[in-house]
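Listed below are the residues making up each chain.
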Amino acid sequence: MATQEDLDELQDKLDLLIISYLDLFDKYQASRAEISRALSDGFFNLAQANFNAPNRGRYGQDMYDNRMQALRGVRIAVDETDVTAYTLTDLTTPPEIENSEKVELETSPKLDGSEPESVKEKDSGLLDQANSDTPDADPDDSEAALTLANPKTDPLRWFGILRPTALGSAQKNFVHSLPPIMKLVSTLSDIESHEKRIRDLRHTVRGMRKELGINLDDEPAEEPAEEPVLMPSLEKLSISNNTAGDETIDGDRSEGTTSGERPDEGTEKVIKSTE
Amino acid sequence: MEGLFFNIHSGYVEGIVRGYRNSLLTSSNYSNLTQCETLEDLKLQLTPSYGEQLSNVASPFPTSTIAAKATEKLVQDFRYLRAQATGALAKFMDFLTYSYMIDNVALLITGTLHERDTKDLLERCHPLGFFEGLPALCVASNIEELYSIVLVETPLAPFFKDNLRSADLDELNIEIVRNTLYKSYLEAFHEFCTTDPELSGTATAELMSEIIGFEADRRAINITLNSFGTELSKSDRKKLYPEIGKLHPEGTLMLSRADDPEAVRLAIEIVGEYRSFFDQGGIGQGGGGIGGGTQKSLEDVFYQKEMELAKGTFTHHFTFAVVYAWLKLQEQEIRNITWIAECIAQNQKDRIGNYISVF
Numbered sequence: 001m002a003t004q005e006d007l008d009e010l011q012d013k014l015d016l017l018i019i020s021y022l023d024l025f026d027k028y029q030a031s032r033a034e035i036s037r038a039l040s041d042g043f044f045n046l047a048q049a050n051f052n053a054p055n056r057g058r059y060g061q062d063m064y065d066n067r068m069q070a071l072r073g074v075r076i077a078v079d080e081t082d083v084t085a086y087t088l089t090d091l092t093t094p095p096e097i098e099n100s101e102k103v104e105l106e107t108s109p110k111l112d113g114s115e116p117e118s119v120k121e122k123d124s125g126l127l128d129q130a131n132s133d134t135p136d137a138d139p140d141d142s143e144a145a146l147t148l149a150n151p152k153t154d155p156l157r158w159f160g161i162l163r164p165t166a167l168g169s170a171q172k173n174f175v176h177s178l179p180p181i182m183k184l185v186s187t188l189s190d191i192e193s194h195e196k197r198i199r200d201l202r203h204t205v206r207g208m209r210k211e212l213g214i215n216l217d218d219e220p221a222e223e224p225a226e227e228p229v230l231m232p233s234l235e236k237l238s239i240s241n242n243t244a245g246d247e248t249i250d251g252d253r254s255e256g257t258t259s260g261e262r263p264d265e266g267t268e269k270v271i272k273s274t275e
Numbered sequence: 001m002e003g004l005f006f007n008i009h010s011g012y013v014e015g016i017v018r019g020y021r022n023s024l025l026t027s028s029n030y031s032n033l034t035q036c037e038t039l040e041d042l043k044l045q046l047t048p049s050y051g052e053q054l055s056n057v058a059s060p061f062p063t064s065t066i067a068a069k070a071t072e073k074l075v076q077d078f079r080y081l082r083a084q085a086t087g088a089l090a091k092f093m094d095f096l097t098y099s100y101m102i103d104n105v106a107l108l109i110t111g112t113l114h115e116r117d118t119k120d121l122l123e124r125c126h127p128l129g130f131f132e133g134l135p136a137l138c139v140a141s142n143i144e145e146l147y148s149i150v151l152v153e154t155p156l157a158p159f160f161k162d163n164l165r166s167a168d169l170d171e172l173n174i175e176i177v178r179n180t181l182y183k184s185y186l187e188a189f190h191e192f193c194t195t196d197p198e199l200s201g202t203a204t205a206e207l208m209s210e211i212i213g214f215e216a217d218r219r220a221i222n223i224t225l226n227s228f229g230t231e232l233s234k235s236d237r238k239k240l241y242p243e244i245g246k247l248h249p250e251g252t253l254m255l256s257r258a259d260d261p262e263a264v265r266l267a268i269e270i271v272g273e274y275r276s277f278f279d280q281g282g283i284g285q286g287g288g289g290i291g292g293g294t295q296k297s298l299e300d301v302f303y304q305k306e307m308e309l310a311k312g313t314f315t316h317h318f319t320f321a322v323v324y325a326w327l328k329l330q331e332q333e334i335r336n337i338t339w340i341a342e343c344i345a346q347n348q349k350d351r352i353g354n355y356i357s358v359f
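Sequence lines, in order, name chains U and G.
Okay, so the first sequence: first residue is 1 according to full-length UniProt numbering, each after it adds one.
Okay, so the second sequence: first residue is 1 according to full-length UniProt numbering, each after it adds one.
Source of the hints: derived by calculation from the structure; they are not laboratory data.
On a predicted model such as this, the values are computed, not experimentally measured, just so you know.
Each hint should be verified, as a subset may be incorrect.
For each label pair, taking beta carbons as the anchor points, the in silico distance ranges come out as [what the hints assert, rightly or not]:
1) V78(U) x E123(G): 44 to 50 Å
2) R67(U) x E72(G): 29 to 35 Å
3) K161(G) x D154(U): 30 to 36 Å
Listed next, the stretches of chain U that the computed footprint assigns to chain G, with coverage defined by at least 3 CB atoms under 8 Å from CB atoms of chain G [stated by the list, open to error]:
4) 13-27
5) 43-53
6) 157-166
Quick reminder that beta carbons are idealized off the backbone N, C-alpha and C, glycines included.
Based on the sequences and whatever the hints tell you, model everything.
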């Protein structure tokens, strides 16, 4: 038999969950901003390199190497709460990846359609380690994956030895957009799991209130979103400079965050908006 | 005296070039271009100059299309001029195409090294640098073969004379081949302009000597700045410096010993006008560094100077240098348009004014 104390405890738990849920949105937006900054700086540096190119011709896919191998991969680990953690790994130090299946991620082309320079950096091998027992991303790992063990494999060499420094800056920008992308997808997975838990908890709380005979007038008449909430799919989050995409996703999120002053209402809205 | 006979052979070409020069975009054109909100607007603004080439471009189009179409126009105009040219002017214009050939050779052998499809690569070659043996370049696996199989029958053969070594073609060696070819090319072009019986002592010799010297210095400085942190050794680097220009020999000797941008600054300070370049360009940014706001990179300052030299040639009469100047101005115009298009496409208007315009 449920008591008022049980209910209060559950409601406190729900509040805490919602607070951490909102924190996740903050993290999400920060990662988004970081990615946008890195990519826009990267493309701009690329334009600068083309403007200053000492030899005619554009730095782009004309100079790509067909023998290209992915230099960085993604390690995917799922923990017991169904949260998936994505970590960047360096594929140039091979032993642990021998048995893994490599899949190339799609990279959306730039809006203006010119050569997606970033492809060389972004073609990550996808490393499936679903049963890994290290679910938490180690930030040091990601940083280490950004520096190449063997400079001979540096794709920058495709563009000649004496290339403008702006091209190097562009590469750095693109490479540095990778850790926030990993953070972003991990956060999204966390958000998804939070939403599920909040929904379950709300359901329990409502049941308990009914049982205790508490007036349900302040509750919405209908139960929102019974079916699983659809998160923005990975394609939508693909590495792209598409600002339209950014706006859609950010728009959804910020709605939830800003209207979250009263936690209950806030969640309601978020869940609705992601339906 | 020279004016008495110049027009018999080359007057028409000079007249046409001056006409071309008048159709180059001016500052007011550029300020209109920078006001554009979309690439479609930009295309509309470019109609007076590039209407014919851009008319069939369907939207949306990438910025590279604008560059490609503008280059098409350049090639068309150049070929028309070349068809009219005779005697020394024809040879002079051939020299202009050699630099494109060198770029094409580098593009093709790099592509072959990277196992790219030859057909694709040939399409990407600059049309002005196309020559008969170009597709055969793909068979070469080392520098000696490259020379003996292909380049020996091309106009580039003389530039190879002192640079033969039987090294494999890897990225480093391709870079060395490209730069040594360019060095020999600049020296040969300089020699042609100053010693050819039809040209020595004329305004052409004087103007071209200055322009080619400047180009040589610029290359030496760029090579040095871009070589920091690469595997290019100092002794190899030294061989890439052209032996002409204001920096040769003391400046290039100092450049060959430079380890950082500060040493480059010291080396080029022996030439008064270059000293101010470094002050304007901001040291430590290497080449093409990204500063904030309207900060110019060293390359921008060099391009600005090059454009001013080119503009200056039009104050002289009876000279071939105007052809060279027009080609450079037109190339810069294409770079400017691409830059503006790039800024519009990426919605980064704060640095859209970094184009280089001298008219």
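Quiz prompt | Assessment of proposed distance window 29 to 35 Å (beta carbons of R67(U), E72(G)) | solution = 32 Å, holds
Quiz item: Do three or more residues of the region 13-27 of chain U come closer than 8 Å to chain G, measuring C-beta to C-beta?
Solution: Since three or more residues must qualify, the claim that chain G covers the region 13-27 of chain U is violated, with 0 doing so at under 8 Å.
Practice problem: May I ask you to test the hint 44 to 50 Å on the CB atoms belonging to V78(U) and E123(G)? | Solution: 47 Å, holds
Practice problem: Could you check the hint for me, namely that K161(G) and D154(U) are 30 to 36 Å apart, CB to CB? | Solution: 34 Å, holds
Self-check item: Within 8 Å of chain G's CB atoms, at least three CB atoms from the region 157-166 of chain U: coverage verdict
Solution: It holds, with 9 qualifying residues against the three required.
Quiz item: Are three or more residues of the region 43-53 of chain U within 8 Å, CB to CB, of chain G?
Solution: It holds, with 9 qualifying residues against the three required.
When each numbered hint is compared with the structure, a violation occurs for hint 4 only.
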